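Visitor: Residue-level listing of the chains:
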Amino acid sequence: MTRLLASLLLVAAVGAAVIVGRGDSEAQAEWVLLTVERGATSPVRTRVVAQSAVGEPLVELSEGLVEARGPSPAPDGRRVVFAGRQADEDPWSLWEVDVTGDGLHEIATDREAREPAYADHGRVVYSGRVDDGWALFVRGPSGTDRLTYRPGDQRWPAVLATGRIVFADRGPEDDAPRRYLWMQQDGTGAELLIAGTPGTHLVGPVREVAPNTVRFLERAEDGTVAARVVDIARLDAGQRMEPPAAPQVGLLAGADRVVDAVTVSARPVPPAPISVVDPAKAKGVLFGIDAGLSDRTPNPSAGPAVALRVVSTDGQLGTLPLAADGSYFVEVPADRPLRLETLDASGQIVRGPSDWLWVRPNESRGCVGCHEPRTLAPPNRVPLALEEGPVQLPGGSR
Amino acid sequence: MRGVPRMSGRAMSVMALVGIVGVAAGHRGLSHHARKMSGTEVASINCIPCHVLPRVSGPLASLWNAEYASPLRLAVVPDGTLLVTAEEGGALFVVDPERRAVLDQIAVGGQPHSVITDARGRTAYVTDRWGNRVSVIDLATRTRVSTIPVGAQPGGMSLDASERTLFVANSGTNDISVVDLPSGRAVQRLPAGSHPYSVRGSPIDETIVVLNRLTSPVEHRAPPVTEVTLVDAATRRVVRRVRLDAAHMAEGLAVTPDGATALLTIARPKNLLPATQIARGWMITYGVALLDMTSGRVVQLLLDDVNQSYADPYDVVLSPDGRRAFVSHAGADVVSVIDVPALRALAAAIPDDSLARYANDLSASRQYVVARIPTGPNPMGLAVSADGGTLYVAERVADQIRMIDVATGRDRGVIPLGSPQRESFVRRGERLFNSAGHTAQGQFSCRSCHPEGHTDALNYDLEPDGLGRNIVNNISLRELSTTAPYKWTGKNVSLYRQCGFRFAKWLTRTAPYSQRDLQALVAYIMSLEHMPNPYATADGPLAVAAERGRTIFERAATNDGRTIDERDRCVTCHPPPLFTDGRMADVGTGADTDTQHEFDTPVLTNLAGSGPYLHDGRANSLEELWTRFNPDDRHGVANDLTKAQLNDLVVYLMTLGGARD
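Chains G and A, in that order, are what the protein sequence lines are. Position one of the first sequence corresponds to residue 1 (the working numbering), numbered consecutively onward. Position one of the second sequence corresponds to residue 399 (the working numbering), numbered consecutively onward.
Heads up, a few of these hints could be off.
Among chain A residues calculated to face chain G with C-beta under 8 angstroms, some are [unchecked claim]:
1) Asn669
2) Gln675
3) Val704
4) Pro749
5) Ser761
6) Thr908
Over 12 angstroms on every C-beta distance to chain G, these chain A residues come out as not near it, computed from the model [said to hold, decoys possible]:
7) Glu496
8) Asp502
9) Gly679
10) Asp690
11) Asp703
12) Ala747
13) Thr880
14) Ala943
15) Asp963
No more than 30 angstroms apart at the CA atoms, straight line, and that leaves these computed lysine-lysine pairs for DSSO-like [claimed, not checked]:
16) A:Lys903 to A:Lys889
17) A:Lys885 to A:Lys903
18) G:Lys281 to A:Lys903
19) G:Lys281 to A:Lys885
20) G:Lys281 to A:Lys889
In short, the hints are calculated from the structure, not lab data. Just so we're clear, the structure is a prediction, and the values are computed from it rather than from any experiment. Built from N, CA and C at the ideal position, the CB exists for glycine as well.
Using the sequences and the accompanying hints, generate a full structural model.
Guide: Rendered as structure tokens:
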């Protein structure tokens, strides 16, 4: 199993390297960041180096670390952040360094940290180990904030030019498929972005190759890996592409090989919306325009939906009646995994449970329906449930 | 230094101390003023952006401002020349696209809007929104030969088949002028919807299509309904009124060559939903409506993508064969190219009971939008060359016409209109105002809700004051500079605060404007003026009815002789010149959903075009202020007034704001 995971990671890394290879319309870039596998070590270790041009000397960025990988350049084109550890017994943490190799220092985190990426104004978003898997965190001058609250794993954050964070999500079940979700930099508004192509598995992070265009890797059942390019504005199926050959680097020791390559080029700092999150508050609100609007088949033995039940990982938080137009308005605990299910008059589930979601403190989240088509804009009507104010759930307190 | 009295050391010390204290106190005072007015902790004090640069008139203003043409709408003459209305240049530009040169500028005054020509290209007609007239231009001599007075704020026009009758949409008076061209007189007014804006004649019959821009009056908290008014040119009568449900800001209009379908650009606002998020069309979506000219069936389809809006569709033109439609998105700096047969096929296939769902489907555009062509800033009017090979795009705030190859979508370059290359501070603000680039996913520009700085006549549910609570009517931004505080709750002391941090946090959902952009934006807003009030009397005495209304407005006693407490007289809270005392008042109009019942007393000038009324827009007319929403005389003593007196009062109120030359 471990070998399989390692193989997949390697495939992902090589694929990502191919995706962002030097032919990737980034001719003005000065540096390339490389994750290099040390072929002579056992177990296999990786290190992070930088190279200003093919054939130029390699600059060690992870000097003194026993292992390092996943370098990510800052918008200024100078600083680099990556995950690494000083000793085998150490947890992985975050390290920042100048692309020239100067000033290596650790960015303190309170947990094992991987896959960092720069967000706005020097903040770093990364995957951090939590009790039941992996979640995303952001580290900035004011401290660390957890952004995601779904069971399972949230990994591989990528910050788009628009400032949104795209990340890979997989539920806790063994056969749960990996999907790409996206959210604002404060963890609000998280929703599904790309579910992947049927018959394939998503591998590794997305890379933004043009405004509103991302590439990622898909592994088919037969093990072949292909790249897919998706226009996230149109959100269509995208185009399948053959992965090109691995980048040429030169100057590597005999058994060493590049497993990841990232081009460094200055780019605008991603804009960050002013966060609506208020840490002093413990709740947010959810409202839906019509809980009956769904692309899921209702339970054939159930009657019409008249209520909505809110469930968390540790049980039911409460049930509220749907308004006559199918709308609902409910106050829910913030930063907690939530699921919704509609009930008929006898308490049978009509549809649900929904996918896991969460709201941040003070977030107001609106839904068109319950698992409605993601391409549907809301109808312009006043949800009746709003006239009464939000329902307080008996189990809604922390 | 003989002869110059020498100052003692003590005196110098005292003076220095006084100077230091004075400077410190002045700096402190100015800092306080800057913080108060901007609503932010400004790092530096700079008087110029607020007190100097917004000035657009006066002897020195030309030093920092400039005059721009601002091309708005286009027409192609059969000889290949291009006619361009210069909205801020007060002229009709005659352009030679081959030479990329402006051949002539024909002064038409005011604020030119639309231009059309007769079939042979001998005569052009230009509407002037400021002057309420149509200029008749002899294209051979490039001179204005006459002007024809029409209704207020005329926009689009169309000739009938005989070219003896001109139909003109009057946005300011909500009607259509019927102009008899041989006599040069407007002979009839046909009632339209709200803010009639664009006009096109059918190529196959006598139908004239008039597109109204804003919603007709609807029940409070109901979706907008915008009207398409169909006129029979032969009988000069309105023959059908078609509803565009849930749509407004309908500005662009084209009719297919077979006369079967009218294509209308629309916005579909979500003003009834709390503005908690703006991605995926939660604030506004943009699209086209297909009007079946025979059956009157309307199908609305979006031009947006799932995660990208194309804000402010302004104009639409068709290729000569009718197979391609081009839509300018004034806020997105893009022209969408539409496969018209695909669009019509989809529209025909949608069952009636699925129309509402398709109208909200953000993925539908994949089926008929075949290209997005980038343009310069603020693309508005469009025209296609006579041979169908070139699309002309009026890039309004760039002061140029872009040429695009219709077949390939390639950029063929621009025709500059000779405006200054320098972008003034106010012009920068105007560009920002018209751009949706500063909202998440390009959802809306300032103009989306404030066309030409005015109002879209809708009411909104904003997030920070509670979902489903504190509904607010959207007000005009014109002539705001001396009307602080802002917002109905009066919480914002300045426009800098109004358009700053909280605007970004709760509305645009992206990073706030930079300080310089914010100052430029506010400077532009402060430069906005109302159109001439069509109901005002220039410098002369009021009409008799209005004079009676003024007496009622200022009265101190009821009809039966009871003294009206000074606090309950109209003029007490609404004193001239702006007819507001700038204070908060509870006039009994607070709703159960309002957190506070005191509201900023509104300005009463230029009321006619700024309805609906009251803080939450529940009154569709001025009459309703007293007949429906003032049962206890808390909004001024008025329940003793007769219907005739109320009519007089309304007539008087509509005159407020004055006329302009």
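Visitor: Are the hints correct? Go through all of them and say.
Guide: Verification of the hints:
1. Taking 8 angstroms as the C-beta cut-off, the interface hint given for Asn669 of chain A holds, the closest approach to chain G being about 7 angstroms.
2. Proximity of Gln675 of chain A to chain G holds as hinted, the smallest CB-CB distance being about 6 angstroms (cut-off 8 angstroms).
3. The interface hint given for Val704 of chain A holds, since its Cβ lies 4 angstroms from the closest Cβ of chain G, which is under the 8 angstroms cut-off.
4. At its closest, the beta carbon of Pro749 of chain A sits 17 angstroms from a beta carbon of chain G; the interface hint therefore is violated under the 8 angstroms criterion.
5. Hint on Ser761 of chain A holds. Least Cβ distance to chain G is approximately 4 angstroms, under the 8 angstroms limit.
6. With 8 angstroms as the threshold, the beta carbon of Thr908 of chain A comes within range of chain G, its nearest partner Cβ sitting at about 5 angstroms, so the hint holds.
7. Every CB of chain G lies more than 12 angstroms from the CB of Glu496 of chain A, the least distance being 35 angstroms, so the non-interface label holds.
8. The beta carbon of Asp502 of chain A is kept farther than 12 angstroms from every beta carbon of chain G, the shortest such distance being approximately 41 angstroms.
9. Residue placement check: Gly679 of chain A does not keep its beta carbon more than 12 angstroms from all beta carbons of chain G (closest about 3 angstroms).
10. Distance check for Asp690 of chain A against chain G: the nearest CB is about 23 angstroms away, which clears 12 angstroms, and the non-interface claim stands.
11. A Cβ of chain G approaches the Cβ of Asp703 of chain A within 12 angstroms, the least distance being about 4 angstroms, so the stated non-interface status is violated.
12. The Cβ of Ala747 of chain A lies farther than 12 angstroms from every Cβ of chain G, with a closest approach of about 18 angstroms, so its non-interface assignment holds.
13. Against chain G, the non-interface label of Thr880 of chain A holds: every CB pair exceeds 12 angstroms, the least being about 29 angstroms.
14. The claim that Ala943 of chain A lies off the interface holds: its Cβ sits roughly 39 angstroms from the closest Cβ of chain G, which is beyond the 12 angstroms cut-off.
15. Taking the minimum C-beta to C-beta distance to chain G, about 36 angstroms, the non-interface status of Asp963 of chain A holds against the 12 angstroms cut.
16. Straight-line distance between C-alpha atoms of Lys903 of chain A and Lys889 of chain A comes to about 16 angstroms, which keeps the hinted pair within the 30 angstroms bound.
17. For the hint linking Lys885 of chain A to Lys903 of chain A, the alpha-carbon distance of about 16 angstroms falls within 30 angstroms, and the restraint holds.
18. The suggested pairing of Lys281 of chain G with Lys903 of chain A holds, with an alpha-carbon distance near 17 angstroms, which does not exceed 30 angstroms.
19. A C-alpha spacing of about 26 angstroms is found between Lys281 of chain G and Lys885 of chain A, which places the hinted pair at or below 30 angstroms, so the restraint holds.
20. At roughly 24 angstroms between alpha-carbon atoms, Lys281 of chain G and Lys889 of chain A fall within 30 angstroms of each other, so this suggested pair holds.
Checked against the numbered hints listed earlier, the structure breaks hints 4, 9 and 11; every other hint is satisfied.
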